[in-house]
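Participant: For the protein sequence lines, the chains are A and B, in the order given.
FYI, in UniProt numbering the residues of the first sequence are 1 to 365.
FYI, in UniProt numbering the residues of the second sequence are 1 to 365.
Treat the hints as calculated values from the structure; they're not laboratory data.
Only a predicted model underlies this, so the values are computations on that prediction, with no experimental measurement involved.
One should not assume that every hint holds.
Any copy, or any two copies together, can satisfy a pair, since identical chains are not distinguished.
Below 20 Å or equal to it, Euclidean Cα-Cα: the simulated EDC-like pairs (lysine to aspartate or glutamate) are [said to hold, decoys possible]:
id	residue 1	residue 2
1	Lys289	Asp107
2	Lys337	Glu119
3	Lys354	Asp64
4	Lys152	Glu340
5	Lys289	Glu277
6	Lys289	Glu171
7	Lys337	Glu116
8	Lys337	Asp283
9	Lys289	Glu303
10	Lys95	Asp71
11	Lys204	Glu357
12	Lys289	Glu119
Number of protein chains: 2
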Amino acid sequence: MSDNKTVRFGILGCATIARKLARAISLAPNTTLSAIGSRSITKAETFAAANNLPATVRIYGSYDQVLEDADVDVVYIPLPASMHVRWVVAAAEKKKHVLVEKPAAVDVAELDRIVEACEVNGVQFMDGSMWLHHPRTGCMQELLSLSHSHSKSVGPIHFIHSSSTMPTTPEFLENNIRVKPDLDSLGALGDLGWYCIGAALWAKGYQLPTTVTALPDVTRNAAGIILSITASMQWDQPSQTIATIHCSFLSYTSMDLAVCGSNGSLHLKDFIIPYQETSASFDFTLGAKFVDLHIGWNVRPEEVHVANNLPQEALMVQELARLVSSIRDGGNRPATKWPEITRKTQLVVDAVKKSLELGCKPVAL
Amino acid sequence: MSDNKTVRFGILGCATIARKLARAISLAPNTTLSAIGSRSITKAETFAAANNLPATVRIYGSYDQVLEDADVDVVYIPLPASMHVRWVVAAAEKKKHVLVEKPAAVDVAELDRIVEACEVNGVQFMDGSMWLHHPRTGCMQELLSLSHSHSKSVGPIHFIHSSSTMPTTPEFLENNIRVKPDLDSLGALGDLGWYCIGAALWAKGYQLPTTVTALPDVTRNAAGIILSITASMQWDQPSQTIATIHCSFLSYTSMDLAVCGSNGSLHLKDFIIPYQETSASFDFTLGAKFVDLHIGWNVRPEEVHVANNLPQEALMVQELARLVSSIRDGGNRPATKWPEITRKTQLVVDAVKKSLELGCKPVAL
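Next comes chain A alone, as it looks inside the complex (with noise of 0.2 Å):
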């Protein structure tokens, strides 16, 4: 079904990742898969299938077909990280407003040269960091607000940890698009470690790191693409705040997110994927003490249970359809809140990697 409000999205490309943003489409109100482009048309047509998409979407044997098709107003781009720069920037010139996989950009240059197209072309830019859409971001988001009265809120940052590891098999860490230097060279750091970093800077209000140091325990492959790295993210003002976060290709399913302030903490251990999918929880403390001769607490962690009426991704596709709604019918601006959040991120990236290549030295932002 598609109406005046609708928002039609098409896709470049058939990677595993867009089967979970068709879907995503499908649920969100007032958005309409509309077309589908790879290289190949017989592999759009088997993913077409393969996906029941309706017989409406229109298939195409390029990315340049769904660029040109005028009945498409917002492009998905699961591409993989070195083809960005050359696919946002050519959907934003044929005015497509764009959501882009994570690593946005193989680096922060790459980065603003896509955000500008974004920005002379009018186009809406936002990356696929789904959790930060669904309603539990909200509700921690709240509890580490400082606009609350203390006995209220997590207080002043002091720590953050936050972990992101899944396995993989021999095959991917030699083939896979996330581990090959001319697509994803950023590898697990690109690919996990945006969530960490993303994590981090989140609970921090988006405030950059004075410094960010990655720590000697890297694991690369053969050819170079790291597989698991370690780093640290500080700051210094306006009180010291530390966060260390880890991701790896070589471990296990793991997604863990830890906050820790000046009255309060929290915890979950799903933060990028919930448990399931239509409610999610997180722990945490306020004023928590201990009893007289420190045998016990004062108070046991509560669990808070968020239920969402729409899939994370579904809800991230909600909100882009009404940016794009609101450019496209209401003559707004595109929101620069998600570009933003999107080069912090991108930034810790690159000092990270940078850090790296200087031996582990602290990288002043």
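Mind docking chain B on chain A? Use the hints.
Facilitator: Frame of chain A, contents of chain B only:
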């Protein structure tokens, strides 16, 4: 009540934590508090009265008198770290078994003098890491055990994160023994960091790391004592494991431990002091994967509750008393397990300090 089987404790000093141990000694079976000594007899008397110590407890105005007391088998030494070498060696020479608060010594050189004195004199040495004696710790160890079939074990460990932070007052940060160069020169690293490092070593079955690296975010008080520090431990054999640790006197009450292996993970947020005294819990997953489309997980964390018949500090006292009995009454040799654990912890503490002195360069062990 004291009979031939009773193990008789003396305490040197009236530190706050001595209250907790006095209670633990009264709770543990077959142990009794026989004597307490302070440099001021008035202080010792006040402590005895405030804590309702039985009239049978002998109260001394010096530490030496406790060591001279023939009816004391074990002494608990919660004195500042700089005094450990003097008083543990003195106790060992009087054939007293020893329970020493952490940090066990100011450095491994002093610890070696301590451990040697205990060996030469045939007395048991143990440090006050209470959490190692909680049955929860044993339960978690089962999950980490590689002797299990792979599907029931966390598998070879890839990543460990451990943090211990607590809020303090400005007065504490200048005057507490734990931040005085002549008393506890290791500051937060020797105090809270002892647990974080100990937990990482525990998870790795007490294999020493290959290298230890401090991060540049250290905070010190005016006297140069560490108030907050972050570090990493790296094992290269048989495969890579990374641990990040963080400890701080400048934050909120937290004590997190996360262990991630090839096939599972476990998490707890109260590893040093359980939320409540009679049971404790931890979470784990085994074999976690994302479901199709990555819209959720195939498992959710299981929460394991472990009841304990005695508080963990009483279980520590009970274990020490068991060893003391077996030496005193059974003619056995002291167990080497406990001083070995202590020495490895101290080695890593020293390496973190050395890395810091070297400008955060990795220190090989």
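Participant: Each of the hints needs a verdict: does it hold here or not?
Facilitator: Hints, one by one, checked against the model:
no., hint, in the structure
1, Lys289 x Asp107, "neither (44 Å within a copy, 30 Å between copies)"
2, Lys337 x Glu119, "within (12 Å within a copy, 65 Å between copies)"
3, Lys354 x Asp64, "neither (35 Å within a copy, 58 Å between copies)"
4, Lys152 x Glu340, "neither (29 Å within a copy, 45 Å between copies)"
5, Lys289 x Glu277, "between (34 Å within a copy, 14 Å between copies)"
6, Lys289 x Glu171, "between (49 Å within a copy, 18 Å between copies)"
7, Lys337 x Glu116, "within (14 Å within a copy, 63 Å between copies)"
8, Lys337 x Asp283, "neither (28 Å within a copy, 36 Å between copies)"
9, Lys289 x Glu303, "within (18 Å within a copy, 23 Å between copies)"
10, Lys95 x Asp71, "within (11 Å within a copy, 89 Å between copies)"
11, Lys204 x Glu357, "neither (26 Å within a copy, 30 Å between copies)"
12, Lys289 x Glu119, "neither (50 Å within a copy, 39 Å between copies)"
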